[in-house]
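Protein chains in written order, with the numbering used here: chain A, 3 to 150; chain B, 3 to 150; chain C, 133 to 217; chain D, 133 to 217.
Worth flagging that the hints you see were computed from the coordinates, not collected in a lab. Just so it is clear, CB atoms sit at the ideal spot from N, CA and C, and this is done for glycine as well. Please note that the accuracy of each hint is not assured.
Unchecked claim - Here are the simulated SDA-like cross-link-like pairs (lysine to any residue), alpha carbons at most 25 Å apart as the crow flies:
| hint | chain 1 | residue 1 | chain 2 | residue 2 |
| --- | --- | --- | --- | --- |
| 1 | A | K4 | D | P198 |
| 2 | B | K132 | C | H169 |
| 3 | D | K146 | A | P48 |
| 4 | B | K63 | A | R38 |
| 5 | B | K57 | C | N192 |
| 6 | A | K19 | B | A41 |
| 7 | A | K19 | B | S20 |
| 8 | C | K203 | C | L147 |
| 9 | A | K23 | B | E81 |
| 10 | B | K23 | A | Q121 |
| 11 | A | K4 | D | M195 |
| 12 | B | K119 | C | A182 |
| 13 | D | K146 | D | G175 |
| 14 | B | K4 | A | G97 |
| 15 | A | K4 | B | A41 |
| 16 | D | K146 | D | T189 |
| 17 | A | K132 | D | G175 |
| 18 | A | K132 | D | E179 |
As the list claims (entries may be wrong) - Example chain B residues on the side facing chain C (calculated, C-beta under 7 Å, incomplete):
| hint | residue |
| --- | --- |
| 19 | Y47 |
| 20 | P82 |
| 21 | V87 |
| 22 | P115 |
| 23 | K118 |
| 24 | A131 |
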Amino acid sequence: MKISVQMDDFDVGFEIKSISKNNSIGAVASFVGLVRDVAMTLEHYPGMTERAIGKIVEEAKTRWQVTDCTVIHRYGALEPNDQIVLVAVASGHRGDAFAACEFIMDYLKTRAPFWKKEQTAAGTRWVEAKTSDDRAADRWEERKPDAA
Amino acid sequence: MKISVQMDDFDVGFEIKSISKNNSIGAVASFVGLVRDVAMTLEHYPGMTERAIGKIVEEAKTRWQVTDCTVIHRYGALEPNDQIVLVAVASGHRGDAFAACEFIMDYLKTRAPFWKKEQTAAGTRWVEAKTSDDRAADRWEERKPDAA
Amino acid sequence: MKVRVLYFASVREKLGRDAEELELPADVSTIAGLRTHLRARGGAWAEALAESRLLRTAVNQDMAPPAAAIKPGDEVAFFPPVTGG
Amino acid sequence: MKVRVLYFASVREKLGRDAEELELPADVSTIAGLRTHLRARGGAWAEALAESRLLRTAVNQDMAPPAAAIKPGDEVAFFPPVTGG
Chain A
3 MKISVQMDDF DVGFEIKSIS KNNSIGAVAS FVGLVRDVAM TLEHYPGMTE
53 RAIGKIVEEA KTRWQVTDCT VIHRYGALEP NDQIVLVAVA SGHRGDAFAA
103 CEFIMDYLKT RAPFWKKEQT AAGTRWVEAK TSDDRAADRW EERKPDAA
Chain B
3 MKISVQMDDF DVGFEIKSIS KNNSIGAVAS FVGLVRDVAM TLEHYPGMTE
53 RAIGKIVEEA KTRWQVTDCT VIHRYGALEP NDQIVLVAVA SGHRGDAFAA
103 CEFIMDYLKT RAPFWKKEQT AAGTRWVEAK TSDDRAADRW EERKPDAA
Chain C
133 MKVRVLYFAS VREKLGRDAE ELELPADVST IAGLRTHLRA RGGAWAEALA
183 ESRLLRTAVN QDMAPPAAAI KPGDEVAFFP PVTGG
Chain D
133 MKVRVLYFAS VREKLGRDAE ELELPADVST IAGLRTHLRA RGGAWAEALA
183 ESRLLRTAVN QDMAPPAAAI KPGDEVAFFP PVTGG
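Construct the entire structure; sequences and hints are all you get.
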């Protein structure tokens, strides 16, 4: 398991290869979040961030068969099209890999202490939290582990 | 959009980078299927394979916002831990990227004409289709596009 | 009418053949009819295409059910349920 | 008791401060109590920590609700709803 909160960019191919080196793995689901058209600065809460991500990953492991997992989240100044976040989950089962990966992303969005400040032509502004992200995270409350 | 059925291996990092080069994209969900512990040979139906995958991708595009999509599936002799398939979906929305990617994988498993023949110590055997794969594909029948 | 018939995977292996051009009698006009017709060859054909055996079929490279019609020049394929991905 | 208080993002900017060590009066024992206590400083504090403002809080780097207790030496953080990912 690898959790990294860093300023530097990351290499998706390398990370996916790294968690794929295990013959019991049949499936790797991954997600990359990218900056759209507006440059931004990402602030975070050092210490709590890693801890919050760790708890999300642990929660995912209680729900699905997760063989390995990598979460990388950047902070600092980011330009349009830059990579922000990578979540990669390796599992023996395709469905588990997908579910755990999407779960971790949804919870990251609502529970990991990151804040985006956009640099628009009109000046800078803090991005507002989306209720759609809360709803995405809430979905998982309704479908806890298999019949548990 | 890129669909490739090939003997050669593929570079996941390169493929994900390639469909990420667009500022309207915020999300790339991807899946890599790997050979587990048994070497195998993958047979396919040239012509129909590309056509079947194309139809699955088109169906995904009618259901979700898909900006770009790459599907690569190998055939021929594969060793344990080799990559078999890559599905990568770029979208403006995280939920759409995840759903379209999983949908394409589930339909690939039941509708694309590939057959695995495993080489075990006891000899070779054709892999049997799994009812769990049929169930995974059937799920999508129940949740068609938003309220449509 | 003349059609092209393809066999894949375990079906191909059992039949020892991957493709053939076939002139069909007038009463064979669906996939199910073609399957019955081929089964009448007996031996490996009766076995590989047995009714009890779950097979998938395609016409002109689209999945098609047993009742699907066959036209002259069509490409018809018989194969086991797919296992890719 | 003494606690360490951290401020992030728009809260930090409005207060012009990212952290402070604070000696709390005896009647302040929860996050909600601490927020009221800080608001009493007036000005930017009354505004940034206004009751109407939706803020998240953490104690010792775990998300915690307003009713969460604070102990001596705790690290308490105030910040807006998160927007990473």
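Against the structure, the hints come out as follows:
no.	hint	verdict
1	A:K4 with D:P198	violated, 32 Å
2	B:K132 with C:H169	violated, 29 Å
3	D:K146 with A:P48	holds, 20 Å
4	B:K63 with A:R38	holds, 21 Å
5	B:K57 with C:N192	holds, 14 Å
6	A:K19 with B:A41	holds, 19 Å
7	A:K19 with B:S20	holds, 17 Å
8	C:K203 with C:L147	holds, 24 Å
9	A:K23 with B:E81	holds, 13 Å
10	B:K23 with A:Q121	holds, 20 Å
11	A:K4 with D:M195	holds, 22 Å
12	B:K119 with C:A182	holds, 21 Å
13	D:K146 with D:G175	holds, 10 Å
14	B:K4 with A:G97	holds, 24 Å
15	A:K4 with B:A41	violated, 29 Å
16	D:K146 with D:T189	holds, 16 Å
17	A:K132 with D:G175	violated, 28 Å
18	A:K132 with D:E179	holds, 22 Å
19	Y47	holds, 6 Å
20	P82	violated, 17 Å
21	V87	holds, 5 Å
22	P115	holds, 5 Å
23	K118	holds, 5 Å
24	A131	holds, 3 Å
Checked against the numbered hints given earlier, the structure breaks hints 1, 2, 15, 17, 20 and satisfies all the rest.
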